[in-house]
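Student: Chains A and B supply the protein sequences, listed in that same order.
For the first sequence, our numbering gives the first residue as 1, with consecutive numbering after it.
For the second sequence, our numbering gives the first residue as 293, with consecutive numbering after it.
If you're looking for bench data, these hints aren't it; they were derived computationally from the structure.
All C-beta atoms, glycine included, are put in the ideal place defined by N, C-alpha and C.
Don't take every hint at face value.
Across the chosen pairs, the derived CB separations fall in these ranges [as the list claims (entries may be wrong)]:
id: 1; chain 1: A; residue 1: Ala56; chain 2: B; residue 2: Gln416; range: 41 to 51 Å
id: 2; chain 1: B; residue 1: Asp623; chain 2: A; residue 2: Ala56; range: 42 to 52 Å
id: 3; chain 1: B; residue 1: Gln416; chain 2: A; residue 2: Gly92; range: 33 to 43 Å
id: 4; chain 1: B; residue 1: Lys492; chain 2: A; residue 2: Gln281; range: 23 to 33 Å
id: 5; chain 1: B; residue 1: Arg489; chain 2: A; residue 2: Asp130; range: 26 to 36 Å
id: 6; chain 1: B; residue 1: Lys543; chain 2: A; residue 2: Leu125; range: 42 to 52 Å
id: 7; chain 1: B; residue 1: Asp623; chain 2: A; residue 2: Gln262; range: 27 to 37 Å
id: 8; chain 1: B; residue 1: Ala582; chain 2: A; residue 2: Ala56; range: 31 to 41 Å
id: 9; chain 1: B; residue 1: Lys461; chain 2: A; residue 2: Val273; range: 16 to 26 Å
id: 10; chain 1: A; residue 1: Ile270; chain 2: B; residue 2: Glu563; range: 37 to 47 Å
id: 11; chain 1: B; residue 1: Lys461; chain 2: A; residue 2: Ala110; range: 48 to 58 Å
DSS-like, lysine-lysine: derived pairs with alpha carbons at most 25 Å apart [as the list claims (entries may be wrong)]:
id: 12; chain 1: A; residue 1: Lys112; chain 2: B; residue 2: Lys592
id: 13; chain 1: B; residue 1: Lys621; chain 2: B; residue 2: Lys589
id: 14; chain 1: B; residue 1: Lys640; chain 2: A; residue 2: Lys112
id: 15; chain 1: B; residue 1: Lys652; chain 2: B; residue 2: Lys640
id: 16; chain 1: B; residue 1: Lys543; chain 2: B; residue 2: Lys671
id: 17; chain 1: B; residue 1: Lys671; chain 2: B; residue 2: Lys652
Not close to chain A: a few residues of chain B, all C-beta gaps over 10 Å, as computed [what the hints assert, rightly or not]:
id: 18; residue: Gly363
id: 19; residue: Gly502
id: 20; residue: Ala507
id: 21; residue: Arg532
id: 22; residue: Lys535
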Amino acid sequence: MASFLQLLVSGLATGAIYALVAVGFSLLWQTSQTINFAQGEFVMVPAFFVLVAMHALGLPFWASAIVGIAAAALVLGLLFKRIIVDQMLRHGVLPLVVSTIALSLFMREAVKDFYSSQAQPFPSLVADRDISLFGVVFSAQSLALLVVAVAIVAALHVFLQHTRFGRMMQATAQNPTVARILGIDVERMILTTFLVNAVLCAIASILISPIYLAKFTNGETLGLAAFVAAIIGGFNQARGAMAGGILLGVLDNLCAAYMSAQYRSAVPLILLVLFILFRPQGLMGRVEERTV
Amino acid sequence: MLGLTHFAARRGVLGGIALAGVLMAAGLPARAADTIFIPNVVELSGAGAVSGTNWRDGITLAVEEINAAGGILGKKLNVPHLDTQSDASIARAQVQKVMDDKPYVILGPVFSGSVLVTMALAQQNEVAEIVGGEAAAITQRGNAFVFRTSFGQQFSMPKIANYIRDGLKAKSVAVLWVNNDFGKGGRDNFTKEMQARDIKVVADISTESGQVDFAADVVKLKAANADAIFVYTNEEESARFLKEARKQSLKGALIGETTLLSQKVIELAGEAANGVRGHVGLSSDAPVPALATFAEKFKKRFNYANDHNGIKGYVAVYAIKHVTEKLGKFDSKAFAEALHGMTITPDKEPGILMEATWDKNGDIDRASFLGEVVAGKQKIVEVLPKLNK
Numbered sequence: 001m002a003s004f005l006q007l008l009v010s011g012l013a014t015g016a017i018y019a020l021v022a023v024g025f026s027l028l029w030q031t032s033q034t035i036n037f038a039q040g041e042f043v044m045v046p047a048f049f050v051l052v053a054m055h056a057l058g059l060p061f062w063a064s065a066i067v068g069i070a071a072a073a074l075v076l077g078l079l080f081k082r083i084i085v086d087q088m089l090r091h092g093v094l095p096l097v098v099s100t101i102a103l104s105l106f107m108r109e110a111v112k113d114f115y116s117s118q119a120q121p122f123p124s125l126v127a128d129r130d131i132s133l134f135g136v137v138f139s140a141q142s143l144a145l146l147v148v149a150v151a152i153v154a155a156l157h158v159f160l161q162h163t164r165f166g167r168m169m170q171a172t173a174q175n176p177t178v179a180r181i182l183g184i185d186v187e188r189m190i191l192t193t194f195l196v197n198a199v200l201c202a203i204a205s206i207l208i209s210p211i212y213l214a215k216f217t218n219g220e221t222l223g224l225a226a227f228v229a230a231i232i233g234g235f236n237q238a239r240g241a242m243a244g245g246i247l248l249g250v251l252d253n254l255c256a257a258y259m260s261a262q263y264r265s266a267v268p269l270i271l272l273v274l275f276i277l278f279r280p281q282g283l284m285g286r287v288e289e290r291t292v
Numbered sequence: 293m294l295g296l297t298h299f300a301a302r303r304g305v306l307g308g309i310a311l312a313g314v315l316m317a318a319g320l321p322a323r324a325a326d327t328i329f330i331p332n333v334v335e336l337s338g339a340g341a342v343s344g345t346n347w348r349d350g351i352t353l354a355v356e357e358i359n360a361a362g363g364i365l366g367k368k369l370n371v372p373h374l375d376t377q378s379d380a381s382i383a384r385a386q387v388q389k390v391m392d393d394k395p396y397v398i399l400g401p402v403f404s405g406s407v408l409v410t411m412a413l414a415q416q417n418e419v420a421e422i423v424g425g426e427a428a429a430i431t432q433r434g435n436a437f438v439f440r441t442s443f444g445q446q447f448s449m450p451k452i453a454n455y456i457r458d459g460l461k462a463k464s465v466a467v468l469w470v471n472n473d474f475g476k477g478g479r480d481n482f483t484k485e486m487q488a489r490d491i492k493v494v495a496d497i498s499t500e501s502g503q504v505d506f507a508a509d510v511v512k513l514k515a516a517n518a519d520a521i522f523v524y525t526n527e528e529e530s531a532r533f534l535k536e537a538r539k540q541s542l543k544g545a546l547i548g549e550t551t552l553l554s555q556k557v558i559e560l561a562g563e564a565a566n567g568v569r570g571h572v573g574l575s576s577d578a579p580v581p582a583l584a585t586f587a588e589k590f591k592k593r594f595n596y597a598n599d600h601n602g603i604k605g606y607v608a609v610y611a612i613k614h615v616t617e618k619l620g621k622f623d624s625k626a627f628a629e630a631l632h633g634m635t636i637t638p639d640k641e642p643g644i645l646m647e648a649t650w651d652k653n654g655d656i657d658r659a660s661f662l663g664e665v666v667a668g669k670q671k672i673v674e675v676l677p678k679l680n681k
């Protein structure tokens, strides 16, 4: 039972990271019909922004983390929207998808060439120590990761559901034309979504890099997991993406321990196929119908 | 007029081609005469980047030293580095490509899986391949052109097994290994040695190359409750595993073979590496002055601390120098024949760092060490003599 609880906490912690990234996927799709296949690299790169701030600028970790989040908002939020999305989206969704795939390759190779092809140590938010809860020993790092990620997901949920600005973003996502008629600054809402996505990715990066180590290939695993999480949760619902991320993280850990570690990477893909076949709208997504 | 212009233009093109031909004809033999081509095909990205980068930099250091001193038999070394991307099929393609330029010797790869698919090409072309791989199978296939720079698993695992039995007095072990040629070979040899010593293997856990999450594996190891845990994975995975083991307060002695105690793993794992013990084939922290001097030069040149792969790359180039100077000519086939059974000592060739002997299979024999990670540093606790001394 103790092992199961440890696995559950560890899975929830990983799942919460997937959820952060999956929510970004979902938000971008809803507001701008952008499917960002560079989302995994958006999580990989901020860790290197932080490392550059620490090693080149000599800043302490907390200040470097702030610099990393700000740099991510600028480069992965503002510049990504202005330089790639705005230019490509007018040609349709497919050219944009291809562009984000190219961007992911470019980011991976750029980090490899300009920083290193080797994994880099990354500081942890909390010191390695054990915390005993209900007779079971948990790692402080896992619990901290879980608490921070869940708090951010919850804060995002409150922001989207219970603030005027959040509701305007949702209105933009649901129907930009009507939102514009109602006087919402749609362009501003879309830009805000890109900035929120970049900040979520940067936070996920800071939380996961102490465990995964900062490496140019990290985006491959995270991007796929977040994409699958967003699909199985419901691509058109942010809360669905959250649920999908957490479900995936827990299932991954439990499968690795109780079934087969070799086939753990197949589990998300099997889930993906099952959802596409039997519940294409995902766990919490809306059924969308289009007239052609 | 048009015809004349066309004719003149065609003459110009032909003249250009002829000039280029003359320049190439003049240039190529001159380059071939001045340098000796020794390509290094190695893992510079992907899962093997840590090992490959160290190997490459060790080679670079040796090549710079040798070229600065006038080269080998008056020829400078031309050592391009080609990336296998830690992929065996790309490694094979790279070796196939360099064969077109008639290499004298090939250096690398380091990953055993890549060595196993490239060494057949070396054999077909009768070119020696000096590799960093440790899988036992490499030197068990009767290939007379493959040479190691580190112990094969069939030599290192008995040393580890003796340490677990005599040093730790363990009655049970768990083994965690990476599911590639290196890991599988190590796991097979290790479990065989454990059975021979009546030590029970209570958990046998395979992991994937490039794996990032070891939470489930550590939970399994905790449930196994072994006296000792033998970890046989590549550098980055080793570091991630150690961090997870520390996170979950895994009990039992953590034992490794060279990689688990390497500088890069210690750097990546931080405090989580403290207490790790095991056998170390090569180490800059060993009580060997030549290794310490090498480590200083390496650090000064590349601004990071080398691991065993850096030493392996450096030694490989000096082995080429020594054998070639002994032969007095550049003959690939004769090189391979000469290195079998040869012992190179530091008094004859200082760049070899420690006395080394290559046997008829291409396996290397030299002294090795038992080590422990203490306060973020590798500490050598015992020197083990050469096997055949």
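Student: Failing hints, ascending?
Tutor: 3, 4, 6, 7, 9, 13, 14, 17, 19, 20, 21, 22
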